[in-house]
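Novice: This is what each chain is made of:
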Amino acid sequence: MTGDKRILISPGPHLWSGLSVSKIMYLVTLALILPSGAGVYFFGYRALLVMVTSVATAVLTEYVSKKLRKRAFVMDWSAVVTGLLLALTISPTVPLWMVVIGSAFSIGIVKEAFGGLGHNIFNPALGGRAFMATCFPAEMTTWVLPAGFVADAVTCATPLNESFAFPADKLSLYKALFMGNVGGSIGETSTLLILIGGLLLLVLGIINWRIPLAYIGTVALLTFALGQDAIFHILAGGLMLGAFFMATDYVTSPITNKGRIIFGVGAGVLTVVIRLFGGMPEGVCFSILFMNALTPLIDRYIKVRPYGLKKAGEK
Amino acid sequence: MKTTSFWKEFTKGIVISNPLFVLVLGLCPALAVSTSVDNALGMSIGVTFVLLGSNIIISAIRKIIPNMVRIPIFIVIIATFVTIVNLVFHAYVPSLYESLGIYLPLIVVNCIILGRAEAFASKNPLLHSIADALGISIGFMLALLIISFLRETLGTGSLSIFGARLFTLPILGEHPMAIFVLPPGAFLLMGLLLALLRRLGVIKSE
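Quick mapping for you: the protein sequence lines, in order, are chains D and G.
Each step along the first sequence adds one to the number in my numbering, with nothing skipped, and position 32 is 32.
Each step along the second sequence adds one to the number in my numbering, with nothing skipped, and position 72 is 72.
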């Protein structure tokens with residue numbers, strides 16, 4: 001009756017990939033180093049200052065709210081990711097105290113007030129960005145030309161603004177957009193480096209390919225169908241950063257593969273609608289937030305067939 | 001005996017069953033007009049007058065109101081007082097009348113007032129109903145003043161009462177956080193205030 005000592009009895013899961021929340025968030029931070037580096041390269045020390053402020057505030061707010069809620073504070077890098085993502089989506093000229101407010105809002109309200117990591121309905125970084133955009137519309141839409149480490153940045157329009165002067169040579173525009181040599185948020189300009197970071201996460205299996213592909217594909221198809229320059233719309237603005245790093249957030253995106261495609265397509269349609277017909281030049285932030293709100297509904301209506309069960313009519 | 005319960009009915013509306021922070025009634029007009037302290041004061045005065053008037057009348061005639069048609073009777077009485085407030089505001093404080101807009105006539109369907117009529121005035125003697133109306137009104141006014149103070153100072157960076165600028169905040173004066181005069185800011189502040197009051201133990205959670 002005593003049983004064989006060589007057979008170990010332990011509760012599941014028995015197979016474990018070795019990934020943990022900390023490790024995933026750490027890898028995301030690593031992947032974000034490339035777009036962040038591009039931001040510093042193009043916008044200088046000021047961009048670095050914004051990022052450091054945002055990350056520091058995010059971690060501090062996380063610590064304070066955990067203490068207030070009498071929960072253990074775990075340094076799991078998720079606050080770092082949120083702080084960094086928020087910094088990457090704002091202009092390098094935003095006053096630092098506004099960055100502090102936005103970052104504290106991201107963690108304190110959008111994440112912790114809903115119950116912390118895993119319970120938040122909305123992507124914390126985008127929630128903070130939307131809060132800042134509503135609070136400080138002027139500062140949040142003042143963009144500068146990339147000047148590197150030289151002082152005196154020149155104010156300019158982002159490529160998505162109506163006042164943006166399109167160069168006649170399309171190829172050089174595409175190249176500038178791809179490399180990141182245009183005005184815009186700290187981390188959104190260089191498509192190349194975001195792609196490298198995103199592909200790294202895809203290869204490591206951290207993010208699922210369906211959301212970015214559905215999102216970017218929808219934007220491309222829809223802008224093309226509406227007679228717009230599809231390549232321009234993919235490369236310009238925050239679409240790449242949003243598709244790879246924001247829309248793929250585990251907590252706020254659907255858990256099923258079908259749901260992920262619906263999520264991506266929905267965000268793509270909304271982005272195009274806001275860009276072409278809305279009052280704002282860019283719609284990535286609000287379209288992802290909108291789809292975040294729909295995520296529970298998508299998860300509810302996409303039924304997963306339990307393992308072993310057959311489809312109706314299947315013998 | 002009678003005076004102590006009068007006092008009890010009066011004080012309960014201010015904190016223990018504050019209409020906004022504890023009963024969470026009448027949120028729509030409260031959040032809509034709390035963009036400035038002026039508006040909040042105007043709204044509170046209007047609500048105080050209507051609540052006092054309707055509570056007095058309903059309490060006085062509570063024994064002859066047929067139970068079947070009590071709600072229409074309450075509404076007619078309340079609407080009468082709202083019409084008075086509406087005309088008086090329109091005649092004497094036209095700017096306030098303009099900024100309160102539709103929310104002034106909407107006091108008719110304010111659930112605080114109908115709630116007090118149904119839950120209190122129709123069951124209690126006149127004196128207690130007056131105490132109840134005053135207490136609830138003061139509670140409403142205090143809550144509305146707190147919300148509107150925060151919304152005006154954060155959302156515009158300055159505070160002015162009746163056109164006189166009281167103060168301007170140093171940094172926020174130049175970069176006001178516009179979200180707080182918009183509806184999302186009202187909900188945010190309301191939620192944060194409820195959480196804070198609960199934490200401080202002012203509101204007892206069940």
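The hints are simulated quantities; they were obtained by calculation from the structure and are not laboratory data.
Using N, Cα and C, we set each Cβ at its ideal position, and we do this for glycine too.
Please note that a few of the clues may not be correct.
To be verified - Straight-line Cα separation of at most 30 Å, DSS-like style, residue types lysine-lysine; simulated pairs:
(1) D:Lys23 with D:Lys67
(2) G:Lys123 with G:Lys63
(3) G:Lys123 with D:Lys66
(4) D:Lys67 with G:Lys204
(5) G:Lys63 with D:Lys70
(6) G:Lys63 with G:Lys12
(7) D:Lys70 with D:Lys23
(8) G:Lys204 with G:Lys12
(9) G:Lys204 with G:Lys63
What the hints assert, rightly or not - To list a few chain D residues with every Cβ distance to chain G over 12 Å, as calculated:
(10) Gly37
(11) Val59
(12) Leu68
(13) Asp76
(14) Ile101
(15) Ile109
(16) His119
(17) Met132
(18) Thr134
(19) Phe178
(20) Ala225
(21) Leu294
(22) Ile302
As the list claims (entries may be wrong) - Pair ranges (Cβ atoms, derived):
(23) G:Ile65 with D:Ile121: 40 to 50 Å
(24) G:Pro183 with D:Thr141: 14 to 24 Å
(25) G:Leu87 with D:Asp229: 42 to 52 Å
(26) G:Ile16 with D:Gly279: 37 to 47 Å
Novice: Each of the hints needs a verdict: does it hold here or not?
Specialist: How the hints compare with the structure:
Between the alpha carbons of Lys23 (chain D) and Lys67 (chain D) the distance comes to roughly 23 Å, so the proposed pair stays at or under 30 Å and holds. Annotation: proposed proximity of Lys123 (chain G) to Lys63 (chain G) holds, straight-line Cα distance about 9 Å (limit 30 Å). For the hint pairing Lys123 (chain G) with Lys66 (chain D), the CA-to-CA distance comes to about 47 Å; that exceeds 30 Å, so the pair is violated. This hinted pair checks out: Lys67 (chain D) and Lys204 (chain G) have alpha carbons roughly 22 Å apart, not beyond 30 Å.
Restraint check for Lys63 (chain G) and Lys70 (chain D): not satisfied, since their Cα atoms lie roughly 53 Å apart, outside the 30 Å limit. Our distance criterion of 30 Å between C-alpha atoms is met by Lys63 (chain G) and Lys12 (chain G), whose separation comes to about 25 Å. Taking the CA atoms of Lys70 (chain D) and Lys23 (chain D), the gap is near 24 Å; set against the 30 Å cutoff, the hint holds. Annotation: proposed proximity of Lys204 (chain G) to Lys12 (chain G) holds, straight-line Cα distance about 13 Å (limit 30 Å).
The hinted pair formed by Lys204 (chain G) and Lys63 (chain G) fails the criterion: a straight-line CA distance of about 35 Å is larger than 30 Å. Distance to chain G confirms Gly37 (chain D) as a non-interface residue, since its nearest Cβ pair spans about 30 Å, more than 12 Å. Look at Val59 (chain D): its CB is around 22 Å from the nearest CB on chain G, clear of 12 Å, so calling it non-interface holds up. Against the 12 Å criterion, Leu68 (chain D) falls within the reach of chain G, whose nearest CB is about 8 Å from its own CB.
Once the 12 Å rule is applied to beta carbons, Asp76 (chain D) is consistent with being away from chain G; the minimum gap is 24 Å. Not every C-beta of chain G lies more than 12 Å from that of Ile101 (chain D), the closest at about 8 Å, which undercuts listing it as non-interface. Distance check for Ile109 (chain D) against chain G: the nearest CB is about 7 Å away, which does not clear 12 Å, and the non-interface claim fails. Taking the minimum C-beta to C-beta distance to chain G, about 16 Å, the non-interface status of His119 (chain D) holds against the 12 Å cut.
Chain G draws Met132 (chain D) into its interface by the beta-carbon criterion, the shortest separation being 9 Å against a cut-off of 12 Å. Remark: the non-interface label on Thr134 (chain D) conflicts with the geometry, its nearest Cβ contact in chain G lying 4 Å away (cut-off 12 Å). For Phe178 (chain D), the shortest C-beta to C-beta distance to chain G comes to about 34 Å, beyond the 12 Å cut-off, and the non-interface label holds. The beta carbon of Ala225 (chain D) is kept farther than 12 Å from every beta carbon of chain G, the shortest such distance being approximately 34 Å.
Interface exclusion of Leu294 (chain D) from chain G stands, the closest Cβ pair being 18 Å apart, more than 12 Å. Residue-level check passed: Ile302 (chain D) sits 30 Å from the nearest beta carbon of chain G, beyond 12 Å. Checking the proposed 40 to 50 Å range against Ile65 (chain G) and Ile121 (chain D) shows it holds: the Cβ atoms sit about 46 Å from each other. About 21 Å separates the C-beta atoms of Pro183 (chain G) and Thr141 (chain D), a value consistent with the hinted range of 14 to 24 Å.
Checked against the hint of 42 to 52 Å, the pair Leu87 (chain G) and Asp229 (chain D) fails, with Cβ atoms roughly 60 Å apart. A hinted range of 37 to 47 Å for the beta carbons of Ile16 (chain G) and Gly279 (chain D) is consistent with their spacing of about 46 Å.
In this structure, the hints that do not hold are numbers 3, 5, 9, 12, 14, 15, 17, 18, 25, in rising order.
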